[in-house]
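Student: With chain A fixed as given, assemble chain B onto it according to the hints.
For the record, the sequence lines run as chains A and B.
Per the working numbering, the first sequence runs over residues 47 to 157.
Per the working numbering, the second sequence runs over residues 925 to 1357.
Derived from the structure by calculation, the hints contain no laboratory data.
Ideal Cβ positions, reconstructed from N, Cα and C, are used throughout, including at glycine.
Misleading hints may appear alongside valid ones.
Listing some non-contacts, in silico: residues in chain A with all C-beta distances to chain B over 10 Å [claimed, not checked]:
(1) Met47
(2) Thr55
(3) Asp56
(4) Glu58
(5) His76
(6) Ser107
(7) Ile133
In silico lysine-lysine, DSS-like type, Cα no more than 27 Å apart, as pairs [as the list claims (entries may be wrong)]:
(8) B/Lys1022 to A/Lys48
(9) A/Lys63 to A/Lys91
(10) B/Lys1108 to A/Lys48
Far from chain A, by Cβ distances over 12 Å, these chain B residues were calculated [said to hold, decoys possible]:
(11) Glu1025
(12) Val1082
(13) Ala1088
(14) Ile1109
(15) Glu1110
(16) Ile1114
(17) Ala1123
(18) Arg1127
(19) Tyr1136
(20) Arg1164
(21) Arg1204
(22) Pro1253
(23) Ile1297
(24) Val1334
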Amino acid sequence: MKYLMFVCTDLEPDTDKENEPGIDEWVAEHDASGRRLQGMVLAPKSTATTVRVRNGQLLVSDGPFAETKEVIVGFDLLECADLDEAIEVARAHPMARGGRLEIRPLAEFEQ
Amino acid sequence: MADAEPVETATPGGLAAAAARQVAAVAAAESYPRIVAALIRVTGDWILAEDCAQEALLLAVQRWPADGVPVNPAGWLMKVARNRAIDLLRRASVERAKLRELAVLALAEPDPAAAGPATGIVTEEVVDDRLRLVFTCCHPALSLEARVALTLRTICGVPTADIARALLVTESTMTRRLTRAKAKIEQAGIPYRVPRGPALAERLPGVLAVLYVLFTQGYNADGEPAFADEAIRLARLLERLMPGQAEVSALLALFLLQHSRRDARRDSTGRLLTLDKQDRSRWDHAAIADGIAILARIQPDLRDGPYALQARIAACHATAASPADTDWPEIARCYDELVRTQPTPVIELNRAVAHGYAHGPAAGLALLTRARIGGALDDYPHAIAAEADLTARTGDRGRAAELFRQAAAVARTEPERRALLDRAAEEGAEQPS
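Bound conformation, chain A alone (with noise of 0.2 Å):
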């Protein structure tokens, strides 16, 4: 199965720092078991810009639609059997303890 984990920050980190696996070493373990398939950092948030169509009209407007504290980061691309391998890659990620991750799956779509 394919899930796109996004990587957030989050208001209350992990303080403790001990151990904390680093993000290369990371990527170079999952991109060999082939479960990470792709993954990108993403800009900061003050580079974002929400566009709308509402009746016809363009609307652009400046940052993310919704304000809030916690924002995406980056994203990762994986490809794992179930949830729980899922689940088992995204808490070796550093950003585990220092943000937080969500794993959602793509859509499957029957032909």
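Tutor: Positioned in the frame of chain A, the structure of chain B alone reads:
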């Protein structure tokens, strides 16, 4: 129904219809989770599995009273459900592999000749299926309320309408909750598997928490009593399937010890009675013996988990011949340990009460003051009642009566309010005027 198997009668001439209905009901309760679990494993389709199991049970209730009870009721039910599943899947032209696997399910059925009189042999594979189902229904990626509902529906076979009534939501809300939970299991890829190794230790507490909620739902003053029985049945199943898991055994022991008091908790007018006022001859002493024996089987150095500590506390109460014989120092020690891992205000409150009995009211009042820091116990009737009780034992009955009245004013249920007013009257009456 074309896909029903011929009925073999257990006794020539058949049983009385009422007896047959009862056998059907018992076989249903035992077979339901096995059938659902086996069908989910093979087909991966929760709704299909539940529908087919339900249809098999319905057919049994219709046919057995007239035709007689089959020699192997569990096998009969499994066969009917499986055939129904094959039938439905064939119509939906599902791949051959699944149908072949379903057909094999029949061969793995218990052999009626070798089986006991009522139930079949439990094969390893079938046992594993039910355990898998428990872990899937209790997966932490589902909300606790969804886990509770799913467990009741899928493992215990409780009708959706009954679950809704007991959990105080409308039937349509409950139907939606169950549908959403099943959809998440499928779409998010929640596996149908018992976790292994360190993952098992991480996930087991989540499973036990669901059972605990179920039990409490059944045990509460206004709860659904049948849920407590379901929780005990499930805990027994887990204990049998996961021998050596100390907290599973401890939870079962805790349930049995608490449930042993069910008939003594109210007086003839329905008032709730505190432990010290209960008629101990009305406690279920077989259940107590059972609970104590299970607790004793747990390895001594593993009796410090949260459920083991609670079970040890329940055991101190259950084995005391009278309130005065209660081993309060041991209860106080258990609460000291519980507070270390679960420093919740309610546990701190209970610890204060235990120390009050073990080491005198002053010790209790001091711990109560500490438990109240943070304000979580403000207006909590049990906290005020505990202070009242400790105060009464210091000799200040006037103040105690006043506190009991205060507690009654914030009581959440009518029986509780009346019990607290009774205590206020007791303390007030003995006041020197």
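Student: Hint by hint, say whether it matches the structure.
Tutor: Here is how each hint holds up against the structure:
1. Met47: It is violated; A/Met47 is separated from chain B by about 4 Å at its closest Cβ, not greater than 10 Å.
2. Thr55: holds (22 Å)
3. Asp56: holds (18 Å)
4. Glu58: Holds, because the least Cβ-Cβ distance between A/Glu58 and chain B comes to about 18 Å, which exceeds 10 Å.
5. His76: Correct as stated: the minimum Cβ-Cβ distance to chain B is 17 Å, above 10 Å.
6. Ser107: Fine: 32 Å to the nearest Cβ keeps A/Ser107 off the interface.
7. Ile133: violated (8 Å)
8. B/Lys1022 to A/Lys48: Judged against 27 Å, a Cα distance of about 24 Å means the pair holds.
9. A/Lys63 to A/Lys91: Since the Cα atoms of A/Lys63 and A/Lys91 sit roughly 25 Å apart, the hinted pair holds (cutoff 27 Å).
10. B/Lys1108 to A/Lys48: Holds, because 15 Å separates the two Cα atoms, which is no more than 27 Å.
11. Glu1025: Check passes; 19 Å lies beyond 12 Å.
12. Val1082: holds (26 Å)
13. Ala1088: With a cut-off of 12 Å, B/Ala1088 remains clear of chain A, as the shortest Cβ separation is near 27 Å.
14. Ile1109: violated (9 Å)
15. Glu1110: violated (10 Å)
16. Ile1114: violated (5 Å)
17. Ala1123: violated (7 Å)
18. Arg1127: Per Cβ check, B/Arg1127 is inside 12 Å of chain A; nearest 9 Å; violated.
19. Tyr1136: holds (23 Å)
20. Arg1164: Answer for B/Arg1164: holds, closest chain A Cβ roughly 25 Å.
21. Arg1204: holds (47 Å)
22. Pro1253: The assertion about B/Pro1253 holds, with a minimum of 37 Å to chain A.
23. Ile1297: For B/Ile1297, whose nearest Cβ neighbour in chain A is about 22 Å away, the distance exceeds 12 Å, so it holds.
24. Val1334: Given a closest Cβ separation of 32 Å, the condition holds.
When held up to the earlier numbered hints, the structure conflicts with 1, 7, 14, 15, 16, 17 and 18 and fits the remainder.
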